[in-house]
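Peer 1: In terms of our numbering, the sequence shown opens at residue 4 and continues consecutively.
Some hints could be false.
Across the chosen pairs, the derived CB separations fall in these ranges [as the list claims (entries may be wrong)]: (1) 48 - 103: 34 to 42 Å; (2) 110 - 140: 18 to 26 Å; (3) 58 - 151: 18 to 26 Å; (4) 55 - 82: 31 to 39 Å; (5) 53 - 99: 46 to 54 Å; (6) 99 - 55: 25 to 33 Å; (7) 139 - 44: 53 to 61 Å.
Capping the alpha-carbon separation at 25 Å, the derived lysine-lysine pairs in DSS-like fashion look like this [unchecked claim]: (8) 73 - 47; (9) 56 - 67; (10) 128 - 47.
Bear in mind the hints are in silico, worked out from the structure with no lab data behind them.
Predicted, not measured: the structure shown is a model, and the values here were computed from it.
No residue lacks a Cβ here, since even glycine has one placed at the ideal position from N, Cα and C.
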Amino acid sequence: MMKNFNLKIASIQLIASILLFLGIQQFYVIVELDLIELIHSIGKDNFSYYVQKSDEFGISEKLKHLSTVKMILSFIGIALGYIVCSIINFKRQLNWKIAVLIALICFIIFQFKIINLPIHYIATKNLAIAYFVPATISILLSFILYFFSLRTKA
4 MMKNFNLKIA
14 SIQLIASILL
24 FLGIQQFYVI
34 VELDLIELIH
44 SIGKDNFSYY
54 VQKSDEFGIS
64 EKLKHLSTVK
74 MILSFIGIAL
84 GYIVCSIINF
94 KRQLNWKIAV
104 LIALICFIIF
114 QFKIINLPIH
124 YIATKNLAIA
134 YFVPATISIL
144 LSFILYFFSL
154 RTKA
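With the hints as constraints, model all of the structure from the sequences given.
Peer 2: Structure below.
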């Protein structure tokens, strides 16, 4: 077992890191909001059918760009989570391997798409709000949890 390991603090940091990278990842819609609206309006199945039949508008390139931006934002979120956890663990004199383990778990969640933030498009009818509200709430909750992990008694 790791020296200076606190399960409660590590659990709080894991949840905070997951929320942070999922929240940051959601901001990929800024890049191609019109394309995301098109996908939502005609449905994913119909959209993929049209892209396969004809790509005269360069939709496949936009989709590749969208995927790349989402991946970059996910890595930024995971890296930020690692940095924040490392700082907290350094201040609390906890093992640095906790931050590495948390970053690894976040990467596995990203790679296998285990968790996604909910999108409430039907309720809002505004796609930007449907993505940004859960993302903003997720990021705020992550920083609140990071603060709790810093202040929690060992």
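Peer 1: Is it true that the CA of residue 73 sits at most 25 Å from the CA of residue 47?
Peer 2: holds, 18 Å
Peer 1: Verify the CB-CB distance for residue 58 and residue 151 against the hinted window 18 to 26 Å.
Peer 2: violated, 48 Å
Peer 1: Would you check the hint for residue 128 and residue 47, treating anything up to 25 Å between C-alpha atoms as holding?
Peer 2: holds, 17 Å
Peer 1: Would you say the C-beta atoms of residue 53 and residue 99 sit inside 46 to 54 Å of each other?
Peer 2: holds, 50 Å
Peer 1: Residue 55 and residue 82, beta-carbon distance inside 31 to 39 Å?
Peer 2: holds, 35 Å
Peer 1: Per the hint of 34 to 42 Å, is the separation of the Cβ atoms of residue 48 and residue 103 within bounds?
Peer 2: About 40 Å separates the Cβ atoms of residue 48 and residue 103, which means 34 to 42 Å holds.
Peer 1: In this structure, is the beta-carbon distance linking residue 139 and residue 44 contained in 53 to 61 Å?
Peer 2: About 24 Å separates the Cβ atoms of residue 139 and residue 44, which means 53 to 61 Å is violated.
Peer 1: Does residue 56 pair with residue 67 here, judged by a C-alpha cut-off of 25 Å?
Peer 2: Holds - the C-alpha atoms of residue 67 and residue 56 are around 17 Å apart, at most 25 Å.
Peer 1: Per the hint of 18 to 26 Å, is the separation of the Cβ atoms of residue 110 and residue 140 within bounds?
Peer 2: With a Cβ separation near 23 Å, residue 110 and residue 140 satisfy 18 to 26 Å, so the hint holds.
Peer 1: Range first: 25 to 33 Å. Now tell me if the beta carbons of residue 99 and residue 55 are that far apart.
Peer 2: violated, 48 Å
When each numbered hint is compared with the structure, violations occur for hints 3, 6 and 7.
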